[in-house]
Structure formats: C-alpha cells, structure tokens
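Take the given structure of chain A and dock chain B to it, following the hints.
Line by line, the protein sequences give chains A and B.
Counting from 1, position 4 in the first sequence corresponds to residue 274 in our numbering; the numbering is continuous, with no gaps.
Counting from 1, position 17 in the second sequence corresponds to residue 22 in our numbering; the numbering is continuous, with no gaps.
FYI, nobody ran anything at the bench for these hints, they're computed from the structure.
One or more of the hints may lead you astray.
Claimed, not checked - Capping the alpha-carbon separation at 25 Å, the derived lysine to any residue pairs in SDA-like fashion look like this: (1) 35/B - 375/A; (2) 21/B - 33/B; (3) 35/B - 351/A; (4) 284/A - 141/B; (5) 17/B - 349/A; (6) 284/A - 64/B; (7) 64/B - 290/A; (8) 147/B - 195/B.
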Amino acid sequence: MSEIEKKDQASTHKIGIYLWIWGLLFVLSFFSYMVDWYQFQGLLRWSLILFFMFLKAGLIMAFFMHLFWERYALVNVLLWPMTAIACFVFLMVAEFQYTVFTRLFYFFVGG
Amino acid sequence: MSDPKIEGLELKPGFKGMAQDTSSDQTMFKGVHWGKAMMWIFLLSDTFIFSCFLISYMKGRGSTPVEWPNPSEVFALDAFGVPVPLLLIAIMTFVLITSSGTMALAVKYGYEKNRKMCGWLVLATALGGLTFVGMQAFEWSKLIHEGVRPWENPFGAPQFGSFFFMITGFHGTHVSIGVIFLFIYAYKVFAGHYDEQKRGWFTSMKGDYVEIEILGLYWHFVDLVWVFIFAFFYLW
Numbered sequence: 271m272s273e274i275e276k277k278d279q280a281s282t283h284k285i286g287i288y289l290w291i292w293g294l295l296f297v298l299s300f301f302s303y304m305v306d307w308y309q310f311q312g313l314l315r316w317s318l319i320l321f322f323m324f325l326k327a328g329l330i331m332a333f334f335m336h337l338f339w340e341r342y343a344l345v346n347v348l349l350w351p352m353t354a355i356a357c358f359v360f361l362m363v364a365e366f367q368y369t370v371f372t373r374l375f376y377f378f379v380g381g
Numbered sequence: 006m007s008d009p010k011i012e013g014l015e016l017k018p019g020f021k022g023m024a025q026d027t028s029s030d031q032t033m034f035k036g037v038h039w040g041k042a043m044m045w046i047f048l049l050s051d052t053f054i055f056s057c058f059l060i061s062y063m064k065g066r067g068s069t070p071v072e073w074p075n076p077s078e079v080f081a082l083d084a085f086g087v088p089v090p091l092l093l094i095a096i097m098t099f100v101l102i103t104s105s106g107t108m109a110l111a112v113k114y115g116y117e118k119n120r121k122m123c124g125w126l127v128l129a130t131a132l133g134g135l136t137f138v139g140m141q142a143f144e145w146s147k148l149i150h151e152g153v154r155p156w157e158n159p160f161g162a163p164q165f166g167s168f169f170f171m172i173t174g175f176h177g178t179h180v181s182i183g184v185i186f187l188f189i190y191a192y193k194v195f196a197g198h199y200d201e202q203k204r205g206w207f208t209s210m211k212g213d214y215v216e217i218e219i220l221g222l223y224w225h226f227v228d229l230v231w232v233f234i235f236a237f238f239y240l241w
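The shape of chain A in the complex, shown without the other chains:
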C-alpha cells in the first residue's frame, strides 16, 4: 500500500456517540433483565426478549463494530449469509416439532 498515497490522520467519531450507545446498551440489558424479574410469560416474554436482543445486537454491530460507517460491500458480505442461518432455524423448528410429536405419539399411543 506504500505506493498509494493515503491520509495520515484517519477520521474518528466524537466520543459522545460511543457513550450514547454504551448507555443504551446498559438500559436495554436492564430491560431484558426486567423481563425475567417480572416473570412475563408466553408470547409477551418471547417477543420482548427478541426485541431487546436484536436491538442490542444491532447497536453493537452498527456503532461499536463500525458497520454503520463501513463500505457497502463489507456490510453485504457480512449480512447476507445471515439469511442462511434464518433458513436453518426455520428448518430445525419444523424438525423439532416433528420429533416431539413422534416421541409423544409413541410414548402415549404406542407403536
């Protein structure tokens, strides 16, 4: 890279943005702990857990890992493979439902 002229001083972000994200992560973690503290159950519990989880993960990736400021090629290389994981989750949900159905069926109805 020495033959290519590059700027010596890389641009950095103001400290405020990091402190904001840091504080938000604390607050969100506190909220997700409160989900357990107040013993929310059922759909409310699961949706709140997922909501806080994705929000926290998004903040960490976007600002702490700088993806928000990164070039689009890198962002796409990183995020598209996640659809494969989503497919895998989808497949395995179908699979465990089938497994638990057959288990219960043979335990209680018999082969």
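Leaving out everything else, chain B in the frame of chain A:
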C-alpha cells in the same frame, strides 16, 4: 471509518460503491487493512459455529417431552438470604458490556494516536474480561456442585447440562483467548509498538493502531454472542 482514503478510488455510497468495490478485477475492499477484512471473515465463520450451537440447543430443547429446567431458578443466587433470579448472569452481562464500551473508546483513542488513553482502556477491557471469566468459573463450579453434568441434572431434562457446558464453555474460551490478547496488546500499546511501527512476532507487518480496531472487532463479537446466549439460554 479508519480505512485510508485512496486517491481516485473514492467509493460511491450504496450499491454503486459496492459494485465499484467488487467488480474491478483487482482486490475487493480496496484500502481496507487485510487483517481487518480477515477478522471480519473469521467472525462470519464464528457466527456460523455459534449459530449451530444455539440452533442445536433450540432443537434439543424443543424436541424433549421432559420439562426443561427453569433458568431463572437454576441460575438464581442468594443475596442476603433472598434468592435473586439470574443475579450473577445480570452482573456478567453488565461487566461484558462495560468492557465492550471501554474497547470501543480504546479504538477511538488509538486512531487519535493517544497512546496512554488507548493503553489504559485496553487494560480496563482486559480486566473486565478477566472478571467475566472469573464469574463464569464460579457459576460452573456452583452448578457442578449442585450435580449438573452433561448427561444429567437434578432440575429437569438431561440435555440441559450438555448444552449449557458446550455453549457457555465455547463462549468462555473465546473470552479467555480475548483476554490473553488484550493483555498482550495493552503491553504493545504502552510500549509504543504502534507509534514506532514495530513489527510483530509472526509477521513482517508494520505495527499500526488498526490492530487495536481488529482486536476490538473480536471483542465486540464476543459481547455480541453473549447477547444471544443471554437471550436464548438464560431468559427464554
């Protein structure tokens, strides 16, 4: 943010920039430090490993007709005689987020070539990680004393133990490796290796503060994985 701007190769924003970056028969991610690109690729592969663990946990937990142990009881801790649900896990979560924040600031000060601030923050991150591993060791030994094994446990479905030790163990290994590197890098920052562009042990690469960002990516990833483990294993 830190990538050096190459004259005449400024990328357009959005998909046009992506096309420019990927289609010019040369290198992809022009101007990005190769170590940083490789760390991202590694983290992508690590994402798949942790996803496989968590998905197998989902399948195991979903397919057993035996009742799953209630995590907020299993991981409760007595504080002044009162059992508080998930107390240790909550503290561990806050410790890890704190260390992630100090790491983010260390990266920022590294790029501003503020050697002292960067060094202290990397050291603080290392100490946070060490605290986390210590608390995890405490948690493991507590559960082992209570009779949790990979093949059985007194609380419910026997698969609980194997998933617990596998997932938290693999994450704890990542944290431990991170802590070792954080201590090494804290030394390197304080010793001024990045200001003098001193070469590393196994590489002819000149030292640069971009290495702090690469280490930071790894450390934030460890925190990221914990977000998912906390949600799916401890809260669900």
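Violating hint indices (sorted, rising): 1, 4, 6, 7, 8
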